[in-house]
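For the record, the sequence lines run as chains A and B. Note that numbering that gives the first Met the number 0 gives residue 296 to position 297 of the first sequence, counting from 1, and the numbers run on in steps of one. Note that numbering that gives the first Met the number 0 gives residue 111 to position 112 of the second sequence, counting from 1, and the numbers run on in steps of one.
Misleading hints may appear alongside valid ones.
Given that identical chains are not distinguished, each listed pair holds provided it fits within a single copy or across any two copies.
Here are the simulated BS3-like pairs of lysine-lysine, each with C-alpha atoms no more than 27 Å apart in a straight line [stated by the list, open to error]: (1) K251 with K131; (2) K243 with K5; (3) K64 with K144; (4) K251 with K15; (5) K282 with K15; (6) K55 with K15.
Rather than coming from a laboratory, the hints here were simulated on the basis of the structure.
Protein chains: 2
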Amino acid sequence: MVQGSKFGVHRVIAPKGALPQNCDKLDNNMDVLYDNEILIDVQSLNIDSASFHQIKESCGADEEKMKARMFEIVEMQGKHRNPDTGSGGMLLGKVEKIGKDLEGKIDLKVGDKIATLVSLSLTPLRIDKIHKLNMNIDRADITGKAILFESGIYSKIPEDFSEAVALAALDVAGAPAQTAKLVKPGQKVLILGATGKSGMMCAYEARKRAGPTGLILGNARNEDRAKYMMEYGFCHKAVIANAKSPIDIYEKTLEATGGEEVDIVINCLNVPDCEMSCILPCKDDGIVYFFSMATSFTKAALGAEGVGKDVNMIIGNGYCKDHAEITLEILRESPILRKMFEEKYV
Amino acid sequence: MVQGSKFGVHRVIAPKGALPQNCDKLDNNMDVLYDNEILIDVQSLNIDSASFHQIKESCGADEEKMKARMFEIVEMQGKHRNPDTGSGGMLLGKVEKIGKDLEGKIDLKVGDKIATLVSLSLTPLRIDKIHKLNMNIDRADITGKAILFESGIYSKIPEDFSEAVALAALDVAGAPAQTAKLVKPGQKVLILGATGKSGMMCAYEARKRAGPTGLILGNARNEDRAKYMMEYGFCHKAVIANAKSPIDIYEKTLEATGGEEVDIVINCLNVPDCEMSCILPCKDDGIVYFFSMATSFTKAALGAEGVGKDVNMIIGNGYCKDHAEITLEILRESPILRKMFEEKYV
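Just chain A, same shape as in the assembly (with noise of 0.2 Å):
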């Protein structure tokens, strides 16, 4: 039992120097337990979308070579970071371990069941077994083991979810919150990705937020699509488009706005290349808010300079403060929301 670095640098194998996220190589020996570590007994890894769309696309969603494939990932680098993604996801798990220093001094106990709110692409993962892949809710239930460390944030999963809820909507638990921060009353928001569960929380919040005189767009990508959308009635219109397309996206938002730009774009999607089409339909001084982990950006900043937009273009943060009781609390206020939680999850 020795004591670690509050960021879990002692576990960097390579390069040295790098923080646990960026290094090639974590130490993922559960073996040894350091005194300010958390040891969880992993249940399931929940994927980030943009890394399981690769995985997925690039194994031409043949389950085994999926799961040979995240092997592969955990053998190479002690942690699951997509390599083409660069993205983690998170896990759900139980308290095995509490390290010494660490007892006593956190609300955890052994045995409580918890999601880590830190990325999988820094979290020290050792991977036993693939139970099963769940293709559409990008989930891997398995046998395995996972460290936190100090400056990781974690949620106990509260009484009245169901795991899989819970685990589904934390991991997106950044998007809400920021959208809660973001939306002001009277403003007009497009969001890109609506039909999808992190699309769908910010629709609700961004609703509630720029209250009755706000107007709140969802992109889909065909009649269907928008048509589920809209059931929800968290979107005012759907914006009908191919979010690869800016120039469409761009008329039809304008078409739907009455010919004005929006005040917020945030980008809820899980494919590249849709920068443009974010900043295109944002009005100069608005805000571009990218929760995709498929956003370059160079795109961003050399694209909006490109066609000379002043806007604000924000880099998603994973965490923001509060962000779990906020989602939670979401799906709390929201029925409908959250049946469709439990149908597409449980």
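With chain A fixed as given, assemble chain B onto it according to the hints.
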């Protein structure tokens, strides 16, 4: 002579429907000028610092190899977008022809000297000859032609500046103009890459905005660079550390502030893997402004989450309203800065 799209979509060869910035191949045939285009007789290219650095590294600093690589990039794409960094730069040239839809509607006439303020990553370009690579200032003097689209922004070279100085300053115009918007009186600001030209301009502007109760910290990689930086007098203190060592940057910053995290971190570096060095020293609810084109979106997004930091991370937009005017005005205000630019770039 035919009518083209405002955004230049008519020049996109592949993939269809993309905008010029993220397309793979642009039509750089300069024999046809669309009615809403401007043809420029190019004199020099200011290659984006991250891009120039990458080309230099990959060619072992061999000038002939670097020239060949530049020709190859333009041959491949019809524009100078470095495939490895995704970034471009800007150019200086003389207006050769103005499409008839724009004639009389803009403040340009044939023969005017202009700098384009949109990235080379979306500018149709033909290079006929590279006369000289100015290795220390990332500039290539060439003979060639380029096209400015209708939505493209530009600045006439002001009469009170030499071309080289104006070009060098306008190249980083987004950074000091954004700094002017972000920094408030009394704030503590850390600038990474503070010994470079954009870093210097940001430090100058940050000090002005933060006022007498503010604290401007500049990162330098060693004692010599720190001495050089401190002589300019824009930073109050130097933080001497390797910008790729987040823990070191964090500790040295706290030493400099007396234990407090800073309000704003501005990244003006041109090297990758510095995301965490920006995030760690920033206080909760503070702002991290990434102007470096070598920034990774996922490393920033997941990195902040990984250490539980609720910081607002902004993608440095190369454009913001009046950025050219703000930036040139800084050089008029500060004889020290202007002298530095004149010594370095003339």
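Results of checking the hints against the structure:
1. K251 with K131: neither (41 Å within a copy, 47 Å between copies)
2. K243 with K5: between (41 Å within a copy, 19 Å between copies)
3. K64 with K144: So K64 and K144 pass the 27 Å test inside one copy only (22 Å; across, 50 Å).
4. K251 with K15: between (50 Å within a copy, 19 Å between copies)
5. K282 with K15: between (44 Å within a copy, 25 Å between copies)
6. K55 with K15: between (32 Å within a copy, 26 Å between copies)
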